[in-house]
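Start from the sequences and build out the full structure, keeping to the hints where you can.
Residues per chain are reported as follows:
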Amino acid sequence: MVDVKKKAAELLSSEAVKVIIGYTEGTGGKPRAAFIQNVADVEKLIFNSQCVMNLAVYLTKAEIKKLGKPAIVAPVNVLRAIIQLAFEVQIQESDIVVLGITPDEKLVEFQSFAAIESYLEDFKMELDAKEKETLAKISGMSLEERWAYWTEELSECFKCYACRAACPMCYCHKCAVEQNKPQWIPVAAHQLGNMEWHIMRAMHLAGRCVNCDACHNACPKGINLNFLTKLMLADAQEQLGYTGPTLKEGNLLSTYNPNDQENFIK
Amino acid sequence: MEEKNIYKPYLMRVEKITLEAPGVRTFRLKFENEEEANAFEFKAGQFGEYSVIGEGESTFCIASSPTRKGYIECTYREAGRVTSALAKCEEGDVVGFRGPYGNTFPIDEWKGKSLLFIAGGIALPPMRCVIWNALDTRENFKDVTILYGAKNVGDLVYKNELADWEARPDVKLITTVDPGGQTPDWKGEVGFVPAVLEKAAPSSENTVAIVCGPPIMIKFTLPVLEKLGFTEDTIYTTLENRMKCGFGKCGRCNCGPVYVCKDGPVFSYKQLKALPDEY
Amino acid sequence: MTIEKYLVKKTSLPVLFDKIKASGKVVKAPKKKSHTTDFADVASFSEVTDDYIVTTQSAKSVAFPRVEKLFNYVKSKDGVQITDYALNAIPEVVMWGVRPCDAAGFDPLNAIFTWDINDVIFTTKLKKTTIIGFSCQNADENCFCTSVGGNPGSTQGSDILFTKLSSGDYLAEVISEKGKAIQALAPELFEAAPSEDKEQNLAKVDVKFTKEIIKEKVDKYFESDVWKEQAQRCIGCGTCAFVCPTCACFDIQDENHGKNGHRIRTWDSCCFSQFTLHTSGHNPRPTQDRRWRQRIMHKFSYMPDRINVYGCVGCGRCSRACPVDMNIAEHLTNISKM
Ligand SMILES: Cc1cc2nc3c(=O)[nH]c(=O)nc-3n(C[C@H](O)[C@H](O)[C@H](O)COP(=O)(O)OP(=O)(O)OC[C@H]3O[C@@H](n4cnc5c(N)ncnc54)[C@H](O)[C@@H]3O)c2cc1C
Ligand code: SF4
Ligand code: SF4
Ligand code: SF4
Ligand code: SF4
Ligand code: FES
Numbered sequence: 070m071v072d073v074k075k076k077a078a079e080l081l082s083s084e085a086v087k088v089i090i091g092y093t094e095g096t097g098g099k100p101r102a103a104f105i106q107n108v109a110d111v112e113k114l115i116f117n118s119q120c121v122m123n124l125a126v127y128l129t130k131a132e133i134k135k136l137g138k139p140a141i142v143a144p145v146n147v148l149r150a151i152i153q154l155a156f157e158v159q160i161q162e163s164d165i166v167v168l169g170i171t172p173d174e175k176l177v178e179f180q181s182f183a184a185i186e187s188y189l190e191d192f193k194m195e196l197d198a199k200e201k202e203t204l205a206k207i208s209g210m211s212l213e214e215r216w217a218y219w220t221e222e223l224s225e226c227f228k229c230y231a232c233r234a235a236c237p238m239c240y241c242h243k244c245a246v247e248q249n250k251p252q253w254i255p256v257a258a259h260q261l262g263n264m265e266w267h268i269m270r271a272m273h274l275a276g277r278c279v280n281c282d283a284c285h286n287a288c289p290k291g292i293n294l295n296f297l298t299k300l301m302l303a304d305a306q307e308q309l310g311y312t313g314p315t316l317k318e319g320n321l322l323s324t325y326n327p328n329d330q331e332n333f334i335k
Numbered sequence: 004m005e006e007k008n009i010y011k012p013y014l015m016r017v018e019k020i021t022l023e024a025p026g027v028r029t030f031r032l033k034f035e036n037e038e039e040a041n042a043f044e045f046k047a048g049q050f051g052e053y054s055v056i057g058e059g060e061s062t063f064c065i066a067s068s069p070t071r072k073g074y075i076e077c078t079y080r081e082a083g084r085v086t087s088a089l090a091k092c093e094e095g096d097v098v099g100f101r102g103p104y105g106n107t108f109p110i111d112e113w114k115g116k117s118l119l120f121i122a123g124g125i126a127l128p129p130m131r132c133v134i135w136n137a138l139d140t141r142e143n144f145k146d147v148t149i150l151y152g153a154k155n156v157g158d159l160v161y162k163n164e165l166a167d168w169e170a171r172p173d174v175k176l177i178t179t180v181d182p183g184g185q186t187p188d189w190k191g192e193v194g195f196v197p198a199v200l201e202k203a204a205p206s207s208e209n210t211v212a213i214v215c216g217p218p219i220m221i222k223f224t225l226p227v228l229e230k231l232g233f234t235e236d237t238i239y240t241t242l243e244n245r246m247k248c249g250f251g252k253c254g255r256c257n258c259g260p261v262y263v264c265k266d267g268p269v270f271s272y273k274q275l276k277a278l279p280d281e282y
Numbered sequence: 440m441t442i443e444k445y446l447v448k449k450t451s452l453p454v455l456f457d458k459i460k461a462s463g464k465v466v467k468a469p470k471k472k473s474h475t476t477d478f479a480d481v482a483s484f485s486e487v488t489d490d491y492i493v494t495t496q497s498a499k500s501v502a503f504p505r506v507e508k509l510f511n512y513v514k515s516k517d518g519v520q521i522t523d524y525a526l527n528a529i530p531e532v533v534m535w536g537v538r539p540c541d542a543a544g545f546d547p548l549n550a551i552f553t554w555d556i557n558d559v560i561f562t563t564k565l566k567k568t569t570i571i572g573f574s575c576q577n578a579d580e581n582c583f584c585t586s587v588g589g590n591p592g593s594t595q596g597s598d599i600l601f602t603k604l605s606s607g608d609y610l611a612e613v614i615s616e617k618g619k620a621i622q623a624l625a626p627e628l629f630e631a632a633p634s635e636d637k638e639q640n641l642a643k644v645d646v647k648f649t650k651e652i653i654k655e656k657v658d659k660y661f662e663s664d665v666w667k668e669q670a671q672r673c674i675g676c677g678t679c680a681f682v683c684p685t686c687a688c689f690d691i692q693d694e695n696h697g698k699n700g701h702r703i704r705t706w707d708s709c710c711f712s713q714f715t716l717h718t719s720g721h722n723p724r725p726t727q728d729r730r731w732r733q734r735i736m737h738k739f740s741y742m743p744d745r746i747n748v749y750g751c752v753g754c755g756r757c758s759r760a761c762p763v764d765m766n767i768a769e770h771l772t773n774i775s776k777m
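Chains as they are written, first to last, in this note's numbering: chain C, 70 to 335; chain W, 4 to 282; chain S, 440 to 777.
Derived by calculation from the structure, the hints in this document are not laboratory data. Wrong hints could be hidden among the right ones.
[As the list claims (entries may be wrong)] Cut-off 30 Å, straight-line C-alpha distance, at most; resulting in silico cross-link-like pairs (DSBU-like, lysine-lysine):
no., chain 1, residue 1, chain 2, residue 2
1, C, K243, W, K222
2, C, K199, S, K471
3, S, K471, W, K11
4, S, K698, C, K201
5, C, K250, W, K72
6, S, K444, C, K250
7, C, K138, C, K87
8, S, K698, W, K72
9, W, K114, W, K91
[Said to hold, decoys possible] With beta-carbon atoms standing in for the labels, derived distance ranges:
no., chain 1, residue 1, chain 2, residue 2, range
10, C, D304, S, F484, 53 to 61 Å
11, S, E580, C, G209, 36 to 44 Å
12, S, D523, W, E18, 50 to 58 Å
13, C, K199, S, N773, 35 to 43 Å
14, W, E229, S, N557, 36 to 44 Å
15, W, E18, C, W253, 30 to 38 Å
16, S, E662, C, E157, 46 to 54 Å
[Said to hold, decoys possible] To spell it out: a stretch of chain S is covered by chain C in this simulated footprint if at least three of its residues, at any positions, have a beta carbon under 8 Å from a beta carbon of chain C; those stretches are:
no., stretch
17, 529-540
18, 703-709
Where a beta carbon is used, it is the ideal one built from N, C-alpha and C, also for glycine.
Structure representation (C-alpha cells):
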C-alpha cells in the first residue's frame, strides 16, 4: 500500500490527476469509497481483503467525472470492470490512470488498457469451488424446485435498486425497468415484478458481468441475485471457454466465433 | 376527517375532443355520476390527476373556467405514457379524474385592476381558465391584454378562442410566432415573447401580469416585466413540478419547504424568488 | 391515559403471545430469515427472535406496505368499473418486538398521511395496529435516537412497552387503550410493578447533536459544498428510504391483468435520479448532491416546518443498509459542527 500512496501523492501534486478514487476507513473500521483530492489526504487510503466494493462504478458517474481526471485504485475486480467498460466505450485510456493493486497489496502500474488485459491473463475469471457447489445445488433442482427457490429468494427484494446502482456495468441513464412506453417490467416489488426485474437484469449482464459480487454485497436483503449471473457465467465457461472480459472479443454474446458449440440448438 | 379513498378517481365521459395543434388536444369531460357533477367545484388555476384506466395518471390544469358549469376541460400535449394513451381515446370513452387540487389565482384580489396575460407554447391552458374567468366577469377588471406566442403558426392552441378574443373590443390580443415560424398569411407578430413584450410595452400601472410558459421563456420575460415597472408581487406564474398524488403526500413535487401541489401551482414572483432552484 | 406499570415474567411472555394469536389478530414479529431479521407472520413464539439491534426493515410496512392496491378496476366496452378499497377487510394486526425508534416513526408517517387530507387506507391500517414495543438493551455505532429526541426506553408510539430487567423478567408499561385491550386478553400475567429502575436496564446511546441544531444548520447552509462532499460516494439507490421508518414517498402506477387491474402505490425515493424527472427531460434535481440534500432537508427542515415533526428517529437503519456506508449520524454530526 505504501507504493500506491506514494504514486497517488505524485499524481495529485503533479496535477496528472485531480482525484484518487480509492478505499478509506469507514464505520466500524469497514472500508468505504474515498475521493482524495489533496495530497495530504492520501494517507487516508487503505486496502485490505474487505475492500470488495467495485470502485469502477464511479468511473461512469457524471458527478465524479466533474471532479476531473481520476486515478483509480484497482484490485482485480475493478481491473476486469475497466476492461469491460473500455470495450463498451464507456471509458477511454486517456481519461483515467489505473493504480492496479496486487493481492498482496503492491502497486502495478499500467501504461495502457492492453497492459491490463495481459495482466488479467494470470487471473482467469473462474468460479471457485464454493460458487460451483451452490450452482450445482441450484442446477440440480427440478424445474419446480428451482422456481420455488428463486421465488422465495427474490420475494425479499423491495426494488431499491442498490444492486444496479453498485454494479459497474449497470450504467444506463434510463434502465429498462424505468421505460414505460411500453412498460416492460412491472414497477411493483411483488413476485412477478421481482422475477421479471431480476431475469431482465441478468440477461442484460450476460457476457458483461465481471463476477465481482458488488450487486450482492450492496443488497440490504442479502439476496443471492449474483447467482443468476453466475449461472450464465458457468455456462459460458463450460461451453465457450470464456475466462473474463477482453478488449477485442468484448461482449461474449454479441461475438461470433466459428468454433462455438451449437449443441444447445435442438 | 374525510373517510373516502382519496385515490379513487371520478369517472368521466369524454364528450368532445378538439385537436388544437399537432399532438395537442382538448378534452371536454362530463361526470358519469350526476351527484358528483353537482357537488364539484373548483377555482381558476387548480389542477387534477387525469387517468386512462390501465395506463396511469397525469397532471393537467383544469383549462375550462369555473364560471362554465357541467363539464371540465383539459388540454394536453402528447408526451409520455399517459398522454399517449389519452391521445388514443375517442369521444364516448371513460377516463378518470381526481381533483381539484392546488391553490388558485387570487382573481378576487385583482378586482379593479388591469390584467396582462403572457403565455408561451402549450402553457395557454392554465391561463385559459383564468382568462375565461376574467372575461365572464369582465366588469370587474380594467384593460385585458393577452400576449401569446408559439414556435410556429401550427403550434398555436385554442385557435377558435384566439379568434373570439381577437374580435372582442374589450380584449387586446397580441399573437406572435418565433422567427421562421410564420406562414405567408400570418398577420400577428414575429419574434420571441420577451422581445414582443418589450415592443408592446404594456403599462404596469395598476396591472397584474400572469406569465406561463417554458422555463426559458419565463426566465427572459421576468426581467422585461421588471423593466416595465412590474414588481415581484404583481407578477404571477405557475410551476410544473413532477407530481403523483396531488395532495402533499407522495413527496415528489417538494421544492424547498413548498409542496407545489398544495402551495402551488400558482406562485407570485416574490414567492418564486424565495424557493431553491429546484423546479 | 396515564401509563400503568406491571411485571410480566419471562415465562409469561410466550403465554401472552399465544393468547394474542388465539384472539384472531394477525401477529407480526421479528424473525430470522435466510439473510436478514425482519417482521414477518410467525406461527409460534419459538419463531420470534430477540437477537437484533433493529430489524433490517422498519415496521412501517404494516400501514404503508411496499405495494398497496388502492382500488381494482375492470375495463369493458361501455366503460370502466371501479371496486373501491375494502377498508373493512383490513385485519387487526399486532406488531410484536418493535423498537422504540421504530414505534416513534409512526408519528411522522401519520403526520404526512393526515396532512389536511386523510389517507384513509393508511390511517385505518394504523388504527387497527397495536404496537408492542421492546426497549433496547443493546445499541450499535449506528444508533442515535437520543440525538433526535428519542431514547432506548421511550414509550412514544408503543401501546405496551416491555423492558427486560436484570432478572430476565419484564417491566410492562401499558400506554394506551389498545395496550389495555392486549392486557385484557391475559390480565393474570400482568403482576404488581417491579421496583427495579428501568433506566439502568437500557442501552447507552450518546447524544451526538440535537435535531434543533441540525435544523438551524441546514437552513443556514442550503448553499454549501458540504452536500457535494458528503454525497460523493452516494450511488443513488432507494435503500435508505426503503428501510427508513419515516420515509413516505411513493409512486402511483396501474397494473393490468387483461381487462382487470389495479392502481397501486409503491415506495419511491428522493435519492433516485428519476424521482423528479419531467417527461421533457428537464430534471429539477439533476445531481446526487442535490438529492442527498433533499433527503436531509426534508427530514430536518421541511417536515418540521410544515407538519411539525422531524423525519428521523435515529434508528440508523439507513446507515446499516447503505451499500456505500453513507453514515447519516456521522454526516449529521459534521453538519452540526459547521
Ligand atoms: C400543475 C401542473 C399542471 C400541468 N398542466 C398541464 C397541461 O395543462 N397540459 C399539459 O400538456 N401538461 C401539463 N402538465 C405537464 C404534464 O403533467 C406532463 O407533461 C405529463 O404528466 C406527462 O405525462 P405522461 O404520462 O405522458 O409522461 P410519462 O413520461 O409517461 O410520465 C410519467 C409520470 O411522470 C410525471 N411527469 C412527467 N413529466 C411531468 C411534468 N412536466 N410535470 C408534472 N409531472 C410530470 C407524471 O407523474 C407522469 O405520470 C402539468 C403539470 C403540472 C405539475
Ligand atoms: S439490492 Fe437487493 S433488494 Fe435492492 S433491488 Fe437489488 S436485489 Fe432487490
Ligand atoms: S433517516 Fe436513517 S436513521 Fe433516520 S429514521 Fe430514517 S433510517 Fe432511521
Ligand atoms: S423526500 Fe426523501 S427523505 Fe423525505 S420522505 Fe421522501 S424519500 Fe424520505
Ligand atoms: S445514501 Fe446510501 S442507501 Fe441512500 S441513496 Fe445513497 S447509496 Fe443508496
Ligand atoms: S404531488 Fe404528491 S406531494 Fe405533491
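Now the hints, each set against the structure:
Of the pairs offered as hints, the one joining C/K243 and W/K222 holds, with about 29 Å between alpha carbons and a cut-off of 30 Å not exceeded. With a C-alpha separation of about 24 Å, the suggested pair C/K199 and S/K471 falls inside the 30 Å cut-off, and the hint holds. As the CA atoms of S/K471 and W/K11 are separated by approximately 38 Å, the hinted pair breaks the 30 Å bound. Taken as a hint, the S/K698 and C/K201 pair is broken in the structure, with Cα atoms around 45 Å apart against an allowance of 30 Å.
For the hint linking C/K250 to W/K72, the alpha-carbon distance of about 35 Å lies beyond 30 Å, and the restraint is violated. A threshold of 30 Å between alpha carbons decides the hint, and for S/K444 with C/K250 the separation of about 59 Å lies outside it, so the pair is violated. Between C/K138 and C/K87 the alpha-carbon distance is near 5 Å, which keeps this suggested pair within the 30 Å criterion. For a cut-off of 30 Å, the pair hint linking S/K698 to W/K72 is broken: about 33 Å separates their Cα positions.
For the proposed pair W/K114 and W/K91, the alpha carbon gap of about 41 Å is over 30 Å, so the pair is violated. Range check, C/D304 to S/F484: about 46 Å between beta-carbon atoms, so the 53 to 61 Å window is missed. Between S/E580 and C/G209 the Cβ separation comes to about 42 Å, which falls inside the hinted range of 36 to 44 Å. Roughly 25 Å separates the CB atoms of S/D523 and W/E18, a value that falls outside the hinted 50 to 58 Å.
The given range of 35 to 43 Å is respected by C/K199 and S/N773, whose C-beta atoms sit roughly 40 Å from each other. For the hinted restraint 36 to 44 Å between W/E229 and S/N557, the CB-CB distance of approximately 43 Å keeps it satisfied. At roughly 34 Å, the beta carbons of W/E18 and C/W253 sit within the given window of 30 to 38 Å. As the Cβ distance of S/E662 to C/E157 is approximately 37 Å, the hint placing it in 46 to 54 Å is violated.
Counting residues of the stretch 529-540 of chain S whose beta-carbon sits less than 8 Å from any beta-carbon of chain C gives 0, not enough to reach three: the coverage restraint is violated. For the stretch 703-709 of chain S, the proposed coverage by chain C is satisfied: 4 residues have a C-beta within less than 8 Å of a C-beta in that chain, meeting the threshold of three.
Going through the hint list in order, the structure does not satisfy hints 3, 4, 5, 6, 8, 9, 10, 12, 16 and 17.
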